Amino acid sequence: MKNLVKKITIVMLIGVVFSLTGLAQAAEKIYVPMLTYTTGPYAPGGIPVDQGFRDYFKYVNASGGVNGVMLDWDTCEYGYNTDRGVECYERIKSKNGQMGVAVFPLSTGVTYALIPRTKADGMVLHSMGYGRTDASDGRVFGHVFTAPMTYWSQASAITRYIGDQIGGLNNLKGKKIALVYHNSAYGKEPIPTLEALSAKYGFKFLKYPVNHPGLEQKSTWLKIGRQTKPDFTIIFGWGVMTQTSIKEAKAIGYPVSKLIGNWWSASENDTRPAGAASVGYKAAGFHTIGKNYQLHKDILAKVYGAGNGSGDKSVVGEVLYNRALVQGVIFTEAIRAAQNKYGNIAINGKQLAWGYEHVNLTSSRLREMGLGGFMKPLKITCANHEGANSLLIHEWDGKNWVNPSKWYSPMYDVTRPMIESSAAAYAKENGITPRSNCN
Amino acid sequence: MIYREAGQFKTTYKSDQALLPIAQDRFFVMALIAFAYIVIPMVANDYWLNSIFLQFFIFSLAALGLNILTGYAGQLSLGTGGFMACGAFSAFKLATSFPDLHIVFVLFLAGLITAVVGMFFGIPSLRIKGFYLAVATLAAQFFLLWLFNRVPWFTNYSSSGVISPPPIKLFGDYYITGTEATNLTQYFFTLTLVIVLALAARNIIRGHIGRSWMAIRDMDIAAEIIGISPLKAKLSAFAVSSFYCGIAGALWAFLYTGGWRGFRYPKIILGAIHDYHWWFGFYPGLICWCGIYCGTADFSQFRSGVIRFGVIRFFGNAY
Amino acid sequence: MFQAFFVDPFIMIYDTPLFFVEVLVSGLMAGVMYSLVALGFVIIFKASGVFNLAQGAMVLFAALTFVGLWEMGVNPWLSLILSALVMIGFAFSIERIVLRPLVNQDPIIFFMATLGITYFLDGFGQTIWGGEVRSLDIGIPNEPFMDLADMTGLYINKFDVFSAVVCSFLVVILAGFFTKTKIGRALRAVADDHQAALSVGIPLKTIWTIVWSVAGIVGLAAGILWGSKLGVQFALSLIAFKALPVLILGGFTSIPGAILGGLIIGSGEKIAEVYWGEAMGGAIEDWFAYVVALIFLLFRPQGLFGEKIIERV
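Residue numbers (this note's numbering), protein chains in the order written: chain A, 1 to 439; chain B, 1 to 319; chain C, 1 to 313.
Okay, chain A solo, but in the shape it has when bound (with noise of 0.2 Å):
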């Protein structure tokens, strides 16, 4: 028995080994503590938003960096698991004794399980297009941004375009809209609006719930198909999810080109996998689509030329690689805000706050960035932390996105009051008092 102890010893030796890496680096960067998810069900959906993020960060390095302070980031896998999300955050938040300025966790639910702990660390934690959606009323959430849109404004600005479809939003009355959702934190964030907006419009609203990881789908589908057999269906699916969904609406017989999926149902991987069933599939996004970009020629250029690319070249431009370039634009332009006002130093986490609520991206200034067109300008102020936006449809030809729409705005009448109201009582809850020098 006497082996037995050496062997335990010796595998918990290997786990403290293993667990200490990562040593000295000179600080007067900016650090940002990455948390990205290459494996796992949900992985075809991490791969190229963390592809994005890295090429982003290897760009600005190699443009001078922003304002030349050079950015830093260490990656923690945690396959969009929250637990192993929530450890991997702690383990790499600081490096050196210097905290990180921001994190991006991609996943609705590590986003809620960071709310408490980046606040108590000092960190932005800026959840683009995903998360707690009133966390976007900024005298409650301080460190948290969901800039440039929320899932309110979101189905908000679906139902607009829905409501372009049929001749108007007063044309929706006694239409049925359908909302196929993951049953999961995310998917049940749209649902309070569109309940609003069935009232205010008087349209059906319908909730098919899909459980994780949503590999059947068949009866969801045969009562959309055959019974209820709604006028339109918007999807909010992630992962293996969205295909199932395009798939068995199609062998249901449900015209797939009234199916609209959400931004995060709305790459290359849901659609490419159902092969042709998923021609003629609509799907939201809050930037457009391809690399004929200014910033995307000068990253093939500057990283890729330089053989540093961090995945696949093909990659480059497909929907949520580009979606990764908006969130690394928002990012370094919060970074040049708050520069102008501390100076041209690696700013921390809290003056980077105050650059986030200074973001003033406008047509032009995206245009110098090389996106011109990409996205509609945005401005985050201290009280509105989702900015204003607008988001456009395309629709998937068999091998690309094509048809872009024109950009349709969320009803911000319906969900700012909702996302106000919604703030106040978790401000009361935690016992937080709103801020009130901003209006």
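Think of the hints as simulated: they come from the structure by calculation, not from any bench.
Keep in mind that a hint or two might mislead.
Unchecked claim - Derived DSSO-like pairs (lysine-lysine); straight-line CA-CA distance at most 27 Å:
no. : chain 1 : residue 1 : chain 2 : residue 2
1   : B       : 169       : B       : 93
2   : A       : 119       : A       : 341
3   : A       : 297       : A       : 379
4   : A       : 341       : A       : 376
5   : A       : 376       : A       : 297
6   : B       : 169       : A       : 428
7   : B       : 169       : A       : 119
8   : B       : 93        : A       : 428
9   : A       : 119       : A       : 95
10  : B       : 93        : A       : 119
11  : A       : 399       : C       : 158
12  : A       : 302       : A       : 58
13  : C       : 205       : A       : 229
14  : A       : 207       : A       : 176
15  : A       : 173       : A       : 204
16  : A       : 379       : A       : 399
17  : A       : 291       : A       : 406
18  : A       : 291       : A       : 302
Treat the numbers as computed from the prediction; the structure is a model and nothing was measured.
Given the coordinates of chain A, work out where chains B and C should sit on it, guided by the hints.
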């Protein structure tokens, strides 16, 4: 272990029935406890306190629960994840409905509620056993998670179905949950809780109830013939086990992730807990193994697979 | 409440009988797909008493290997054979590294060991082949028979029919293998008692390698079918959870049981979801399958076709 019982003669019933009858065990456990209370808080940084030790204690609790059920009572169960969720949601409802209730009572009551639920899902054990029972308890996992996701009352009508525990004070100005809670407070709290509950488990095991569980495990028909009621023994095992799992779940949601997320995949729990079965009935070993698990949580799946593999390969018949 | 549970669904069934048939048929088809995965479990349990939690991971790994080789430019038939060989090689190493040191241990020890294998395979497969989704097109269209649909309004998917054929083919071969061949009978002896089997001269090592190989190849078949349905990606390994209720319903040791169990679970959960799902808030499929299985178990604790174990004191 590396030492033998030889030479330690028990001359009284009291010493024969002691918690840890072997002197070396006693010294080892006491040294371990002293180490955990004194040395670790002095040397460990925040990451180790919060992400490694906290997880480690909570998993140890859940593992204790499972160990009672599977190791002592012989009832295979895969429903632990569901019971942990049950504990988390009951604790959340208790803490938000009765804001003045002390956290210890919240946890205790959440454990009791989970015990009732666990007993209910233990009913099939009266009819089936072995792997059939194991798969049947998965029903608890899927049903409970569905229920908490489905019924908004459990989440206080949160639109996304996520619960966030309110900040709770342990005593004075020391917060145990929320942003004000320090890692050290949480560390000492969970450590104490684990020790108290482990002691309790040890006492239950060597008492009347525990011995009836072991009788059922070893040969159910024989146990029934000598007058042990399988109904009582099995359901009490489910109840006690679920009590532990419920507390672990509540701690997990309140102290670690700050809430219970909508979905989770049973394998995580399986992986986290079932590995410990190697150490049926040997608590220090069980807790060591929890430590190994949390250590490997750092690695990519591939590497942790290799490590588990190695452990199975080398310790497979060591328990 | 009463209305929604006990009246409306039946009115719905009565009003649109064709739709009910359609739900039933698609449930049966889905059930066949579950059975395919469940078969792998049954083979290993029947022949070695091991509850192999790694079956889902094996399905994923086999499919990943197949599609990975194909993408590398290997002829599909050749890559099919190569992946089968990989699964056989895998079976050899499992036997050598994991099973052999554990001879005559408790079943639960084996169960834990397969959990280790699951972790290893999940990580190993993704390390080698990456986590991206790969589309797999084996040339079977995933669309309904249009003629039939036009005539009767019934949508029966070609792909589902194809899977059903593959599945029944596998079942016939496997059932023959277990009951008619000498190896098959030896396998069942091993399942009963390792040491007794060893003592009457059954070569445990060979037997274990054979079962795991067969399970690996069945996993390959399941992986290809599920993979062409969903794309080959990590989520494939999660279908194991769909197969578990099928297993307890059919009995861990019965191949026909896996099929019948699949059919019952598949149709049961689809009908429940379509007709009763609404009343209960939807997405009840997952746990409903387990409830169906549990109800059956209350009457037949060894599953529909499981072997009745007579215990003596």
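Evaluation of the provided hints:
no.: 1; hint: B:169 to B:93; in the structure: holds, 17 Å
no.: 2; hint: A:119 to A:341; in the structure: holds, 22 Å
no.: 3; hint: A:297 to A:379; in the structure: holds, 26 Å
no.: 4; hint: A:341 to A:376; in the structure: holds, 25 Å
no.: 5; hint: A:376 to A:297; in the structure: holds, 20 Å
no.: 6; hint: B:169 to A:428; in the structure: holds, 17 Å
no.: 7; hint: B:169 to A:119; in the structure: holds, 19 Å
no.: 8; hint: B:93 to A:428; in the structure: holds, 17 Å
no.: 9; hint: A:119 to A:95; in the structure: holds, 18 Å
no.: 10; hint: B:93 to A:119; in the structure: holds, 25 Å
no.: 11; hint: A:399 to C:158; in the structure: holds, 24 Å
no.: 12; hint: A:302 to A:58; in the structure: holds, 9 Å
no.: 13; hint: C:205 to A:229; in the structure: violated, 57 Å
no.: 14; hint: A:207 to A:176; in the structure: holds, 11 Å
no.: 15; hint: A:173 to A:204; in the structure: holds, 8 Å
no.: 16; hint: A:379 to A:399; in the structure: violated, 34 Å
no.: 17; hint: A:291 to A:406; in the structure: holds, 19 Å
no.: 18; hint: A:291 to A:302; in the structure: holds, 15 Å
Violated hints for the displayed structure, listed by number in ascending order: 13, 16.
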